[in-house]
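Model the full assembly from the supplied sequences, consistent with the hints where possible.
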Amino acid sequence: MNFKKHLYEGLFTKNPVTVQLLGMCSTLAISTSLFNGLGMGLAVTIITICSNVLISALRNVIPNQIRIAAYITIIAGFVTVVDLLLQAYLPALSSSLGIFIPLIVVNCMVLGRAEAFASKHDVLSSALDGLCQGIGYTAALVVVCIIRELLGYGTFGGGLLGPGGAGIRIIPQPYPAMQIALPVGGFLILGFVLAGNQWLMKRLNLKTRKKGAKK
Amino acid sequence: MKVSVLRLALTLLLITSVTAAALAGVNALTGPVIAQRTQEQTQAAIQAVLPGGSDREITDFTDETGLVQRIYAGKQGYAFEVTPKGFDSAVTMMVGIDTQGKVLGIDIISHTETAGLGAVAAADTPAGKAFRQQFAGAGESVMVTKDDGSVDALTGATVTSRAICTGVNAALACAAGLP
Numbered sequence: 001m002n003f004k005k006h007l008y009e010g011l012f013t014k015n016p017v018t019v020q021l022l023g024m025c026s027t028l029a030i031s032t033s034l035f036n037g038l039g040m041g042l043a044v045t046i047i048t049i050c051s052n053v054l055i056s057a058l059r060n061v062i063p064n065q066i067r068i069a070a071y072i073t074i075i076a077g078f079v080t081v082v083d084l085l086l087q088a089y090l091p092a093l094s095s096s097l098g099i100f101i102p103l104i105v106v107n108c109m110v111l112g113r114a115e116a117f118a119s120k121h122d123v124l125s126s127a128l129d130g131l132c133q134g135i136g137y138t139a140a141l142v143v144v145c146i147i148r149e150l151l152g153y154g155t156f157g158g159g160l161l162g163p164g165g166a167g168i169r170i171i172p173q174p175y176p177a178m179q180i181a182l183p184v185g186g187f188l189i190l191g192f193v194l195a196g197n198q199w200l201m202k203r204l205n206l207k208t209r210k211k212g213a214k215k
Numbered sequence: 216m217k218v219s220v221l222r223l224a225l226t227l228l229l230i231t232s233v234t235a236a237a238l239a240g241v242n243a244l245t246g247p248v249i250a251q252r253t254q255e256q257t258q259a260a261i262q263a264v265l266p267g268g269s270d271r272e273i274t275d276f277t278d279e280t281g282l283v284q285r286i287y288a289g290k291q292g293y294a295f296e297v298t299p300k301g302f303d304s305a306v307t308m309m310v311g312i313d314t315q316g317k318v319l320g321i322d323i324i325s326h327t328e329t330a331g332l333g334a335v336a337a338a339d340t341p342a343g344k345a346f347r348q349q350f351a352g353a354g355e356s357v358m359v360t361k362d363d364g365s366v367d368a369l370t371g372a373t374v375t376s377r378a379i380c381t382g383v384n385a386a387l388a389c390a391a392g393l394p
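Line by line, the protein sequences give chains A and B.
Residue 201 in my numbering sits at position 201 of the first sequence; the count goes up by one each step and never skips.
Throughout, my numbering is defined as the position within the second sequence, counted from one, plus 215.
Treat the hints with caution; some may be incorrect.
One side of the interface only, derived from the structure: several residues of chain B facing chain A at Cβ under 7 angstroms [claimed, not checked]:
1. V218
2. L227
3. L229
4. I230
5. S232
6. L238
7. T245
8. V248
9. I249
10. T253
11. Q254
12. I324
13. A330
For each label pair, taking beta carbons as the anchor points, the in silico distance ranges come out as [claimed, not checked]:
14. B:G354 / A:I168: 49 to 59 angstroms
15. A:G98 / B:D275: 51 to 61 angstroms
16. B:S325 / A:L21: 49 to 59 angstroms
17. B:G281 / A:K202: 57 to 67 angstroms
What the hints contain is simulated information worked out from the structure, not anything from laboratory work.
A quick note: this is a predicted structure, and the numbers were derived from the prediction, not measured.
Even for Gly, the Cβ is constructed at its ideal location relative to N, Cα and C.
Here it is as C-alpha cells:
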C-alpha cells in the first residue's frame, strides 16, 4: 500500500497506454481535443475504480472458471451506468465521445486491472490501483490530445476554452496539418508519445543509478 | 479445487441479476431526462429550420426514398426529419420547407462524421453555418459541384456533403407530395 509507488507506476513505469499498450482503440480515436481526453480519462478512471473495488470485494466468491464472464458483466454494468448518466446530464460530452463510451466495456485496461490486480489484492489497494492507473491513462490521453489538437487544428483546449468552446487558437489558419487530427496522425503521435515515455524512464533510471553509485 | 457446475451457473446468474437490477434502476432514473433532452433537441431543430414551427406531427405522407422519419407541421410550412447515410452511419437532420416548396433551412441533430472534416457540416462555426446556409432557398433537387450541382462541398468531406444533399432532396420530394 504505497500511493507514491502506485502513482509512479501508473504514470510512468506501468502506464496503461504507453507501457502496457492497453486501451489503444479509444486513445487513437477520441484524442483530438482536450475536452474529449479529459472526459474519456475521467470516465475510464471512475469505471476502473468501481470495477476494481467490486471485483476485489467479490474475489473470493467468484469461481475461477467463470471469472472473466463475471468481470465483463460487472464492467459492462458500470459502463452502462456511466453512459446513461452522461447522456442525461452531460450531453455535450456524450455526443462528442459517441460510441466510445459504451466501448469502454472492451477497453482492455479495465479488464486488465481486474485480472492482473483486483482479483489478487484487497479492496483498498485495488481502489488505489484503479485510481493511479486511471490517472496514468488520462495523462497519456491528454498529452496525445494536446499535441494532436495543436498540430491538427492549431488550437488548445477545444471544447473547454475560448469563444463557444472552439479552443484558443495558437497556430493561425491555414497552417495546422489536418492529417494529425485524422487516424494517421493518431498513430504517429501515439508512437512519439510512447518513445517519449521510454526516453523519460531511461533518464530517470540513469539518475537514480548515479545517485546510488555516489552513495 | 473442483467447483460444481451448478455453483458456477448460480454465481453467474446472481451477478447478472444484480447488474440487471442496478441498470434498471439507473435507467428509470435517467430515462425521462434523456427523453426530455432528445425532445428539446428536436424542438430546437424544428425552430431552427422552421420559425414558429410546432411539434404537431403529420403521419399521412408518401416517401419513396425511405429517408423521411417524421414531418412536423408549422404555419410557414413543414419540418422534415430525414436520415441520409453519411460517411460512417446515418446523419439525422431537420429540413424546413415552406409552403411554396422552397427550403427554409437545415439543421443537423446527430451524426458520426469524421471530426474536423464531415463534422464541420454540423458545427456551429462560420464554415459550418456557411455550408448549411447554401441550402436555403433551394426549390429543386440539390447536388454538390462535383456532381454538376451548385452546392460547394466541404473540404475533404464530399461523402458527407452528398449525404446532406440526399437528405434535402428526400425532404423536397416528400414535400412535393404534401397538400
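Item checked: List of violated hint numbers, smallest to largest -> 3, 5, 10, 11, 12, 14, 15 and 16
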